[in-house]
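Hey, can you work out the whole structure from these sequences and the hints?
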Amino acid sequence: MSETTLTKQKTRRGFGFYLRIYKKILVQDLKSKMSYRADFVISTFGMIMTNLSGFVTFLILFKNFPSINGWDYYHMLFLYGFSLVALTPVQCFFDNNWNLRFQVQSGDFIKYCFRPINVFFYFMSEVFDVKGLGQFAFGIGTLVYAWIHIGIPVTPLVIAKLVLFLLTASLFMIAIMNAAAATCFWIVGSGYVMVIMFRFKDFAKYPSNIFHGVFRILFTFVIPIAFVAYYPSLAILETDNIPVLTWCAPAIGVLFFYLSYKFWMLGVSRYDFTGS
Amino acid sequence: MENAITMKNVCKDFKILNRHEGLKGSIRDLFSRDYKTISAVKDVSLEIKKGEIIGYLGPNGAGKSTTIKMMTGVLEPTSGEIMVNGLVPYKERTKNSERIGVVFGQRSQLWWSLPLIESFKLLRDIYLVPKKDYEDMLELYRSLVDIEPILHKPVRQMSLGQRTLSDILAAFLHNPAIVFLDEPTIGLDVSMKSKIRDLIKGLNQQKGTTVILTTHDMGDVDALCKRIVIIDEGKKIYDNDIEHLKSYFGSYRTLRIRHADDTWEERVIDESKEDVMDVILKKQKEQKIKDIQLQEISTEEVIKKIYEGSSAAKGNSSVVTSDEKKGAAEQ
Amino acid sequence: MNLRRHIALTRAGIMESLQYRLGTAVTLFANLIYLVLVYFLWRAIYDSAGTDVVNGMTFTDTMIYLILATALFNFLEMFVVWDMSRSIQSGKIILDLLKPMKFRSYTFWSYSGSHVVLFTLTFIPTFIVVMIVTHGAIPMGINLLYFVVATVLALIVNFSMEMIVATICLYTESTWGINIVKETIVLLLSGASIPLAFFPETFRKIVGFLPFRAVYDIPLTILLEKNGSDTLEGLLPMFGLQLAWCIILTVTGVLFWNHSVRKITVNGG
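Chains as they are written, first to last, in my numbering: chain A, 1 to 276; chain B, 1001 to 1331; chain C, 2001 to 2269.
Everything labelled a hint here was simulated from the structure, so no lab data went into it. Idealized CB from N, CA, C, for every residue including glycine. Hints should not be assumed to be uniformly reliable.
Stated by the list, open to error - Computed footprint of chain A on chain C; a stretch qualifies when at least three of its residues, placed anywhere within it, have a C-beta under 8 Å from a C-beta of chain A: (1) 2166-2175; (2) 2181-2191; (3) 2196-2205.
To be verified - Subject to a maximum C-alpha distance of 27 Å in a straight line, what follows is the list of computed DSSO-like cross-link-like pairs (lysine-lysine): (4) B/K1195 <-> A/K23; (5) A/K111 <-> B/K1121; (6) B/K1121 <-> A/K24; (7) A/K111 <-> B/K1091; (8) B/K1195 <-> B/K1304; (9) B/K1095 <-> A/K262; (10) A/K33 <-> B/K1121; (11) B/K1121 <-> A/K23; (12) A/K111 <-> A/K31.
Okay, here's the thing in structure tokens:
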């Protein structure tokens, strides 16, 4: 009897299992967060401030310069909103990456290695960042506003494309942050890498045809910020003339995510769990 | 009886950068490729039977934690073989972790902001513990220790003792074959210590769980362990039961003398070298003695002797051997 | 004031920063890439504008300003707020308070070492590269000396702001929220992300009186000899503003800290 349940249990730890566990952790986490209302209010305020400040920067820029590389105000705004929405998953679900280096340095990271579940999943599941939802709302608002002014038709096909390419775009930012965070397994004091990579996201909202030569390749295939908004959004903004890279973006996104995950896990296996 | 853990000639080396002293040294280190290899664990062989409670002792930085990390599969040995529950831990870490429980130092592995019972429920789901087994285990917990006051308290609000207790309970929840406890009573008060010892003993007896216990507290050893293993500078220097340990230093006695001013003087005497009566007579000539006690040497004293003996044997070679020292060097 | 003690802290800080050699190298490299991004963005912006000078700033001016602002940002960045919140949570704060030195100066001098390292490793190389690439667009004269003075004042203003924000952590656990608000405001209003020259007139006037400007805008304006800072009449108001904020923020910070610490000791944390 116990033999059969054991074998059954083995097969049960699939995608559904992880989804269920995540949901449970999430519900509990939200419950406990509710008890820290001051923190919630201040953090939300902070999130709104960052978005507002980003928006003000954007407005100031366009007050001085009417267009950038042939992109007018509303198209740029669309790109901006698109990037904000695409950045939501990394903010909400992968925010614990920011704590990685502290836990690795102090040795506390070891606790994630004693459970019979995926270390990456276990680590990321611990933090769900509610603030990301504020950014999401802000992004959607901007996106819709720009959408109306540009006059893109609303059809089920366009909406489906939007969802697909937003998800695609988010994979790239997740991959960048995973890889940046994982450097701490090898490099002590690599905190700046994450800070700088996170600042790179501010450039995702500009058309990547501003880059030339080697750097266009660099920002497309090495640090793929061109994929965080530019290429995926072309699927919606352009009617014909959609670049090949836009169509390839979903596959490339999955590949980047997978590689960053492997890199992260390689870090875990390399790490020798010293620390005080 | 079957072995829970088998280790054969296990070694673990770490490579660290040779650091130089002073500001100039720091600048030189910036470009240095001068690495040295340190051996945290040297050729350790060990067999642990199912259901045993083993005291795994050694001075700070002896390689205890490194050994446990290898047994739990988070570190791969440089050479040698380890089998835990019939598995090679670092090759099948996930599978291995289903059947072990770990309490590591003072680091809580529970969800910091969740009430304990919610952590338990999550662990139940993660380890796929059948509902009945889970409830039986909670029932067993209730019979061994008063868990009601902590069950609905978030871990972050607990005292150190409650947190340790919670962590131990969480480690046993999925009824693992082996539980590793790394200094579970460190920093706790006397009553909490004895509570935790009773709990460990109870769980070991009821569930037949093998327990590997590292500690610096000889009270833990006396209360729980039949057998102890001592390592120092990465080498196993003692592996036998605790009774044998005392006979190992059987010729030692602790002599306690009460002086006229009611102060007690304590002295460890090696009977093979000097006679207890001679010592007392000599003392009596110097001053008045009101009372005398002659005691068996305590475990604490024996362990101290062993540590001292092993470091004396190596002279003053100051080779860094431990992972803990390495960690310190990195900070 | 025991100078030896302070220098010892600086020295320890330098040694600690140098321990992270790979980290330092990677930081330098990542910074370089960031600057490339800034370059391309503004190149495109100026190309699209059609004119060479916008609001009195040429492309070269803007680039020098932003690149050096980034370099200054990296050099000035402190994690006082994070360190403080972590040491409050771990209880280490009590040990820090027991040190035979005022907590404020202890923190300041502990950071000074990494400031020295970062200034040498990030700011000076960036400065030299910018100097060579722009073929002498940076005036080389007495303004360099003024710039160093302005940077030291900027450092003090920045530290004072950090300390005030860090003190708030004694009241709330919302470190992330507090820190992000501070960072956002400082970055926007100090001219670190967009030169203040581009701001609308009224907005710029208001920002001109706030302390944030003292951190990035004033040292860089002095370095580039803009806004009449090459004359004494132009220079003095800028130094005056920095100095005034140094005093105001230091006094406020000290009072706020002393008040808050007393509260902790009374309430037992």
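Hint by hint, here is what the structure shows:
no.	hint	verdict
1	2166-2175	holds (count 3)
2	2181-2191	holds (count 5)
3	2196-2205	holds (count 3)
4	B/K1195 <-> A/K23	violated (35 Å)
5	A/K111 <-> B/K1121	holds (18 Å)
6	B/K1121 <-> A/K24	holds (9 Å)
7	A/K111 <-> B/K1091	holds (18 Å)
8	B/K1195 <-> B/K1304	holds (26 Å)
9	B/K1095 <-> A/K262	holds (20 Å)
10	A/K33 <-> B/K1121	holds (19 Å)
11	B/K1121 <-> A/K23	holds (13 Å)
12	A/K111 <-> A/K31	holds (23 Å)
Checked against the numbered hints listed earlier, the structure breaks hint 4 alone; every other hint is satisfied.
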